[in-house]
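K.L.:
In case you want the letters, here they are:
Protein chains: 2
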Amino acid sequence: MDLKPTKPLSGFIELLPAQQRLFDECASRMLGVLKTSGFNMLDLPAIERAEVLTDKDNWDEIETQMFLFQKGDTKMGLRYDGTVGLARYVAGHLNDLTFPFRASQFSKRYRGERAQRGRYREFYQMDMDIMGINSLSTNYDAEIISVISRALNSVSEFVGPHYVNVGSRPFWDALFQYLDLTDAQKKDVFVLIDKREKMGDEEFAAGLTDTLGDANKENQIKSVFTNGYEFFVNKSVNLDSAISELKNFMQTLSDFGVADARIDLGTTRGLAYYTGLVFEFKLAKHPELGTAAGGGRYADLAGKFSKTKIIGVGAAIGFSRMFVALMENNQLDLSRFLSPVDAAVLVMGNENVAYAFNVVNALRDENIATVVYLDTDKKFKNQIEYADKISARFSLIIGEDESKNKMIAVKNMQSGAQSQMSLADTIKHIKNI
Amino acid sequence: MDLKPTKPLSGFIELLPAQQRLFDECASRMLGVLKTSGFNMLDLPAIERAEVLTDKDNWDEIETQMFLFQKGDTKMGLRYDGTVGLARYVAGHLNDLTFPFRASQFSKRYRGERAQRGRYREFYQMDMDIMGINSLSTNYDAEIISVISRALNSVSEFVGPHYVNVGSRPFWDALFQYLDLTDAQKKDVFVLIDKREKMGDEEFAAGLTDTLGDANKENQIKSVFTNGYEFFVNKSVNLDSAISELKNFMQTLSDFGVADARIDLGTTRGLAYYTGLVFEFKLAKHPELGTAAGGGRYADLAGKFSKTKIIGVGAAIGFSRMFVALMENNQLDLSRFLSPVDAAVLVMGNENVAYAFNVVNALRDENIATVVYLDTDKKFKNQIEYADKISARFSLIIGEDESKNKMIAVKNMQSGAQSQMSLADTIKHIKNI
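Going down the list, the protein sequences come from chains A and B.
Those letters in the first sequence? Residues 0 to 432, by numbering that gives the first Met the number 0.
Those letters in the second sequence? Residues 0 to 432, by numbering that gives the first Met the number 0.
With the rest of the complex left out, here is chain A (with noise of 0.2 Å):
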């Protein structure tokens, strides 16, 4: 019979116990700033209804982008992003839930599209959500990029230092009104905004000439690359309210202690949903993994499940995207992470394993990470390289002499040096060590 293969589809994760202790230690790190700061957990099916993910019924289309599937009459896929369940589940329990509601997940996500390298077609984002019913204060929008901020701060040692460019839609609404861009001009010019950084400058002036053959019009859109807003003060009554959000913005970030923040009005966020403020993250020493957290503000989040009108500010951090990424160029250093334990205990000789039992409970009961070696028959030898294997800090050596005197023969692994202590004595030298 021929082996079934063993590589996991492309495109899908798969780490090492090593990395994933790594890439679990920064999640659960992450994870503690967003609890600190009040967010409620969700975990929402991965599974939506068809209709749920698209409101597009080109479905052959669709189905190469998602991972769409039937049962019975129901058309169904799995989600590619954390709002649209959000959206739903916020709709659907408006009751339940107390405004400004804060939510957070962390869950995975798929996209059905071939793989390429760096992207994934299952992976986890971190999202957080702070939502309220027809209207929420901009100090929410602050208070989450602080909140990022801290969250990547907390893994630092890993990613290093990042800063926050913050750009504003309005801005390009004043503006594209302000210059009397046509509908179909602005929808144009705004793609072209987003794809600049790919583009480059020569690119992006082309495609505003072909769009606009204007070069008064395509000048000004230029500026604002060079010179930011200064140049639009003053223009109109809406560029003087998008300019001037974004500068008491700017202050309120400082307030909120986010250092590292600066006005960059080609942030957009593509052609998503948001229609405010919006923000991307970027890791100073890792220009090549791109944006590693982005969000903005949303006017209305669940319109199409609900008459009550959310409006919020949310984000999400590219979890796998960042930390798969660094793991896969080795830009981390796995080593504090080689082993699952602190002390294996090793036994010589099955009679000995009642005694191994009762040091092995109690190591366990004082959050010792402990393994226990219990193929007892092995030589020393074999039981010792285990320890040494998978890294043990300490091994515990428990042959006839330990069992019959209730000792423990413990070996620093590092150091190579081993002592007959007492149980409770083993375990005050392995916490204080």
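Calculated from the structure, these hints are not laboratory results.
Heads up, the list lumps identical chains together, so a pair's fine if it works in one copy or across two of them.
List of simulated lysine to any residue pairs, SDA-like, C-alpha gap at most 20 Å:
no.	residue 1	residue 2
1	185	222
2	6	307
3	74	8
4	284	323
5	55	73
6	303	1
7	74	62
8	216	184
9	107	48
10	70	111
11	308	385
12	194	224
13	186	271
14	107	42
15	216	236
16	34	17
17	6	72
18	34	335
Computed from a prediction, not measured in an experiment: that's the story for all the values here.
We have chain A already, so just place chain B on it with the hints.
P.N.:
The following block gives chain B in isolation, referenced to the frame of chain A:
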């Protein structure tokens, strides 16, 4: 426009925030036990190649049981358990892992069948496996049972006490051989034994007669359920070997400190891939939940993926099944899980936001779960109502006076007592109570 449905698909679980907090608390405690026991957490893809998920070619029938779909030429689907992915992973990483290898998974699994009450289409199981190459002492089977027992003890305030039934596949193999059953009879009788509890004694007896048509053999099989193995001592070498393995194992379990374990030869774990000792955990106060956790020993985990023989013992805790059912039956007290926070900071007037942010950051730095109400134009009444609704333990009110004097008006939401404090005293006050 019609609004889209807000309910999740049938068979999919969606918890409210307080329920989710209880769920997460139980997961965290149980995972803590697994980590203390040196298990390596694995997070494998939820999607596997169809050929990995099944050996069968009757796709139409399998499609009703699983979520299957096709991308390009590749048939794939969502995992229905943790074992199939584990087998693939271990076989693919034989040289990266140290054996005996301890693996644990806490992940969502999927069943495509139509949903019934208590049967979910998406659910969490918590798996643990210890695997050796070519051999593995049954001491590890005892350890796995000990670890599950500790995990269930860590949540006993929610699920109550448990006990564990231990059965033996080799016993039945030896008995069938001793009774000289044909292969077809062996299979049919084994199915009957597995369904015995559901069908009741009469139907079971009738089934045996249908299959065997031999009153003597039928009675001997029935005697197992009344007298255990007693009648079969000294009947055959294989029976004696199975019986003595089971008796020794009960002693090992007791050495490992496992209370409430008992032999129950009716425990067989159905048609699963187990080949040795098997076990099932039940909750003493919740017989309606059936088996809370179950597992056993397998002789060849990854034979379809590798020529290396991986022998092991594994178990799964029916995590969603247990906790979601208890919540659905209102058998879990959510009162301790109602609030996401300790402190709600209420800000009267936007000019006080900067000082409020200082307070919020300081509290979060001290790991005090804190939300801040940032719609600063809302009246005190609205803000305190919010703090009340989210069951905050303390409201920290910041107005003009507090901001000017760098003080905080701290209100105990339970007693109603309120007093002005410095930030340092506020932190002490919240931490001490």
